Amino acid sequence: MSSRGIRDQVAVVAMGCTTFGEHWDRSADDLLVDAISECFSGNPRIGRDDVDAYWLATLGSGQSGLTLSKPLALDYKPVTRVENYCASGSEAFRNACYAVASGAYDRVVAVGVEKLKDSGFSGLLRGDPPGDGTAAELSLTAPAAFSMLDPAYCARYGVDPAAFRKAMTHIAWKNHFNGARNPKAQFQAEVPESRIESAPVVAGRLGVFDCSGVSDGAACAVIVRAKDAYLYTDTPMFVKGLSLLAGPARGATDPDYDFTTFPEVVRSAQDAYTQAGITDPRSQISFAEVHDCFTPTELVLMEDLGFSDRGQGWKDVLAGEFDLDGRLPVNPDGGLKSFGHPVGASGLRMLYEAWLQFRGAAGERQLGDPRTALTHNLGGRPGSCVSFVSVVGRELG
Numbered sequence: 001m002s003s004r005g006i007r008d009q010v011a012v013v014a015m016g017c018t019t020f021g022e023h024w025d026r027s028a029d030d031l032l033v034d035a036i037s038e039c040f041s042g043n044p045r046i047g048r049d050d051v052d053a054y055w056l057a058t059l060g061s062g063q064s065g066l067t068l069s070k071p072l073a074l075d076y077k078p079v080t081r082v083e084n085y086c087a088s089g090s091e092a093f094r095n096a097c098y099a100v101a102s103g104a105y106d107r108v109v110a111v112g113v114e115k116l117k118d119s120g121f122s123g124l125l126r127g128d129p130p131g132d133g134t135a136a137e138l139s140l141t142a143p144a145a146f147s148m149l150d151p152a153y154c155a156r157y158g159v160d161p162a163a164f165r166k167a168m169t170h171i172a173w174k175n176h177f178n179g180a181r182n183p184k185a186q187f188q189a190e191v192p193e194s195r196i197e198s199a200p201v202v203a204g205r206l207g208v209f210d211c212s213g214v215s216d217g218a219a220c221a222v223i224v225r226a227k228d229a230y231l232y233t234d235t236p237m238f239v240k241g242l243s244l245l246a247g248p249a250r251g252a253t254d255p256d257y258d259f260t261t262f263p264e265v266v267r268s269a270q271d272a273y274t275q276a277g278i279t280d281p282r283s284q285i286s287f288a289e290v291h292d293c294f295t296p297t298e299l300v301l302m303e304d305l306g307f308s309d310r311g312q313g314w315k316d317v318l319a320g321e322f323d324l325d326g327r328l329p330v331n332p333d334g335g336l337k338s339f340g341h342p343v344g345a346s347g348l349r350m351l352y353e354a355w356l357q358f359r360g361a362a363g364e365r366q367l368g369d370p371r372t373a374l375t376h377n378l379g380g381r382p383g384s385c386v387s388f389v390s391v392v393g394r395e396l397g
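Going left to right, the sequence shown walks through residues 1 to 397 as our numbering numbers them.
The set of hints was computed from the structure by calculation and includes no laboratory data. A hint or two may mislead.
For lysine to aspartate or glutamate, the following DMTMM-like pairs were computed, each having C-alpha atoms within a straight-line distance of at most 20 Å [claimed, not checked]: (1) 227 <-> 52; (2) 70 <-> 49; (3) 117 <-> 132.
Computed from a predicted model, the values in this text were never measured in an experiment.
Taking the hints into account, I'd like the entire structure generated from these sequences.
As structure tokens, then:
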């Protein structure tokens with residue numbers, strides 16, 4: 001299965017992103033204004049009045065398009081509010097891109113925001129629709145669900161649990177190392193491996209440092225037709241492939257469900273690769289931003305995205321192949337683990353890192369000569385999720 005795609009039909013010409021963190025003194029309105037302001041102040045060739053339509057992503061920090069139109073004081077512009085779990089920001093971007101590619105609009109904005117820290121809770125909040133009370137997610141927390149990846153992987157591939165624990169620790173260490181070089185990350189400090197392994201346990205063998213940060217933040221992008229991109233900037237970012245798929249959500253009731261892979265990720269990656277003309281992601285992708293909600297998730301994603309062979313991802317992690325100086329850097333901005341995870345903004349934050357890297361503006365974490373990037377969002381949990389994969393590049397064609 002593959003959609004036709006819109007390869008090289010649209011481009012990003014401006015982006016903005018707030019610092020992610022505990023913004024007790026900033027409202028969702030403030031964060032939206034901050035992200036949009038940075039976006040347009042960084043590109044004087046385009047302004048808010050030039051935008052034809054907006055797509056807004058948020059899980060629970062507002063209802064309807066008024067969430068955006070009010071703080072921005074928009075004068076009767078179409079604003080579409082979207083939600084697709086943790087892939088909400090990516091969904092806003094995907095819909096905005098297709099709107100331009102269709103010819104309906106010339107210039108659009110995709111923006112995502114989430115204000116999580118004012119809730120009084122330490123995790124993500126959800127408003128589940130009414131049901132009969134038997135939904136699996138009502139009896140199993142997200143950390144508990146994702147912690148199952150660890151023993152399942154060890155059992156299937158005969159991996160020593162101590163070795164797998166070391167790989168999980170390396171992923172957390174790597175992402176904190178990268179985040180320490182990112183002035184917009186929620187956690188901007190390196191964390192020793194010994195501290196990661198001795199942290200309080202949350203679920204299974206997942207400790208505090210195996211779990212992504214809960215934070216506030218916003219991010220946005222301006223999208224135009226590719227043929228017009230150089231009218232607005234000398235360094236546009238071109239969309240090569242976009243894929244979002246929802247699974248059948250049968251994992252919780254399927255006794256044979258395999259916790260060592262996300263079928264939704266495999267299929268969305270194949271779709272995006274086909275659209276983008278990617279036949280060997282290991283050599284054709286310069287770097288990747290992936291949904292490291294928990295450390296074993298990132299490890300499994302390395303195999304689902306085709307960066308590692310089945311059963312070999314843990315070895316590649318320990319060999320440093322996905323480190324900042326590795327063969328295929330993963331989460332150079334710190335990922336969800338270090339940058340934080342304000343749900344509606346995360347997908348656009350990943351694209352923001354690609355934007356910076358292609359422009360040579362990533363500071364201490366700048367890669368040598370990145371040409372193509374992948375971003376990936378996962379929403380839901382093993383056996384019941386949606387998956388988004390994008391491929392973007394700095395060159396047309």
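Looking back at the numbered hints, which does the structure fail to meet, lowest number first?
-> Structure breaks hint 3 only.
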